[in-house]
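A.B. asks: Working from the sequences, and respecting the hints, build out all of it.
Heads up: the sequence lines are chains A and P, in that order. Following numbering that gives the first Met the number 0, the numbering of the first sequence begins with 0 at its first residue and continues without gaps. Following numbering that gives the first Met the number 0, the numbering of the second sequence begins with 0 at its first residue and continues without gaps.
I should point out that these hints are in silico values taken from the structure, not numbers from a laboratory. A couple of the hints might just be wrong.
Lysine to aspartate or glutamate pairs mimicking DMTMM-like chemistry, simulated, CA-CA at most 25 Å apart [claimed, not checked]:
(1) Lys40/A to Asp353/P
(2) Lys256/P to Glu185/P
(3) Lys127/A to Glu185/P
(4) Lys77/P to Glu129/A
Okay, the calculated bits of chain A under chain P, using three or more residues with CB under 8 Å as the criterion [to be verified]:
(5) 4–14
(6) 36–44
(7) 61–69
(8) 90–104
(9) 168–175
(10) 197–209
Small disclaimer: the values here were computed from a predicted structure and weren't measured. Each residue gets a CB set at the ideal place from its N, CA and C atoms; glycine is no exception.
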Amino acid sequence: MDWYHILALVAFVACCGMFLGHFIHLIRLGMPKDKAKAQGKTAAGIRYAYINSMMPQHKESAYLHLPTYTAGIIYHLGTFLSLLLLLYSLINIYIGWAMPEVFRWIIGACLLISTLFGLGVLIKRLVKQELRSFSNPDDYISNGLTTLFQAITALFITFPHIPAIEMVYFILAVLFLVWFPLGKTRHILYFFFARLHLGYFYGRRGTWPEKSKL
Amino acid sequence: MKPIDPIKREKALALLADTSDSKLRTHLNSCVRCGLCATSCMYYDKFHEAKYIPAVKVDIVASIYKRYNTFLGKHAPKLVNARPLNEETAEEMVDLLFGSCTMCGRCVTHCSIGVDISYLVHKGREMLAEMGMVPASLQSTVDAAVKTGNNMAIPTEEFIDTIEWMEEELQDEVEDENAHIPLNEEDCNIFYTLNPREPKFFPLSIKAMAKIFYAAKESWTLSTKYYDVTNYGYFNGNTAEATLIARNLHDEVLRLKGKRLILGECGHGSYANRWEGPNYLGHPYPFDMITAVELIKEYIDSGRIHLDKSLNTEVVTIHDPCNLIRNGGLFKTLRYVLHASCSNIIEMNPYGNDNYCCGGGGGQLAMSEYNERRLGIGEIKANQIRNSGAKIVITPCHNCVDQLLQLNHTYKLGVRIMTVAEIVANALIL
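C.D. replies: Structure (structure tokens):
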């Protein structure tokens, strides 16, 4: 095991620990203690918040901005895939399993596509004056680091036997894992709580699930 | 501007460290500044300035939160745009959170993450209220409610005179000299409330609702002291004042032993009492509380009133008040009542939970400082009305009525604006 493996393992554990801390804190704080009498079904509202209301036809942020929405979805899938592969790579330090070549190339290609979409999102922020006007360094670091992490994951998965790529992969993984719970990337956790609160709010009021229009 | 009192500043900052539940922390940490909320906001749609993007309004509150509550915000504030709460930030907050948001919540349902932007705007307003930075005109509206019991400071004698006048009008209309608008009666089934704009400017809407009560043979009353359904304490962010106003109404219902509190046609008033009142007072209300629209639906369902929709044949369209529909869940209830009362309804586009605010929400109607902006964003609603081709716009909210009347005049729409009670009263079979 090389030093960068150890560093990556430590960063991974620390990152998980920080997210676990955020998670436990949010769970402990709990839901609002609403004293008003509910007129809708809270559980149905929460289900709706996670599923139906996320569909592109229900959100202007999706159906009015389909290219960005599509890019965002693919980019996020790439991030989740990269995180899974990081876990696999860390475990694989010990077990040394060789992934079949066809899988490696398929995964690499998928990640290359998501990387390009991530880059697209970053370029949009850089060139669109309006978006730039309220962006801060965190936006660029989070987007840039995540995109870079996906790119190096694609390379590492496709060419696992090149030592230089492996070293860069684990070093970049460390940087990503350090930033992940600190930057806006932490929305990976808060997103789910935001939907929960939204479903609770609109569910109690009977706004969600949305009734069919007359 | 004058310096912020350090003690008040600390109190404002303490609001962001609130740990009573996970809602605040969640929403303060969720926005990714994608900017896709921009086109859901009337202010941005109208003026196309970046400062009106809802994410910017979130960011100013979140940036202060980060400065005092997060690791990077404390140690590397520039990295995450963590800003101190100083005079400059506070002044910007006033313009963005009071002057550029109707708290309609349209951006909330369309946010790609699900950030409750209205909730954060309200939290920012609470901070400003702690620092004594509520726009003067809005504060004077709240002061009037606190001092006199109604936000227009209508003297009790004037109110009683108006009600007596409407009682005579009612008697003439139903041709029954026993028709009555009860005042301060105890043990009634219904304790009814009004928006003070009704006795002040639109008394005929009181007569319309009284006619519905008459047709339903309802036992009801108005209080001459606390009849005001509005609560601008919700909009100015001063929870103590909002609580006092809500408590006055709550206690008056108990004093007169009313069985049900009926919230008159007012979006934010219904919201502040129905959804926030029990939280302000810290307990569920010991009596039933519903809106006038829901009550009318009950009357129709139970056969207590009978309607003939052929009495309303003109083309009507519906303006959905944000606090009753998107934030109050009454989409179907309102349609049910209006389809029973009118024979020719055409919807605006968009409508229902997707509706656009009239432009007067969030306390905008009470803030003369932002009149120009308010009428500017109202152009979106004016265009919706014009495109619908309707001759009458119906809305169950007197604040919306006020804004729509101004839009009607400004944009020369040539429509009539009516409340639900008025259109239902037109269709009553006595």
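A.B. asks: Now tell me if each hint is right for this structure.
C.D. replies: Verification of the supplied hints:
Of the pairs offered as hints, the one joining Lys40/A and Asp353/P holds, with about 20 Å between alpha carbons and a cut-off of 25 Å not exceeded. Of the supplied pair hints, the one linking Lys256/P and Glu185/P holds, its CA atoms being roughly 6 Å apart against a limit of 25 Å. Only pairs whose Cα atoms come within 25 Å are accepted, and Lys127/A paired with Glu185/P is rejected, the gap being roughly 64 Å. Distance restraint check for Lys77/P and Glu129/A: the Cα-Cα separation of roughly 20 Å lies within the 25 Å cut-off, and the hinted pair is therefore satisfied.
A count of 0 residues in the stretch 4–14 of chain A with a Cβ less than 8 Å from any Cβ of chain P is obtained; the coverage claim is therefore unmet, three being the minimum. Here's how the stretch 36–44 of chain A fares: 3 of its residues keep a CB closer than 8 Å to some CB of chain P, so the rule of at least three is met and the hint holds. As drawn, the stretch 61–69 of chain A meets chain P at 5 residues by the rule of a beta-carbon pair under 8 Å; at three or more, the given contact holds. Residue count for the stretch 90–104 of chain A with a Cβ under 8 Å from a Cβ of chain P: 0. That is fewer than the three needed, and the coverage hint is violated.
Check result for the stretch 168–175 of chain A against chain P: violated, 0 residues qualifying (beta carbon to beta carbon below 8 Å, three or more required). Figure legend: the stretch 197–209 of chain A, annotated as covered by chain P; annotation consistent (7 residues with Cβ-Cβ distances under 8 Å, at least 3 required).
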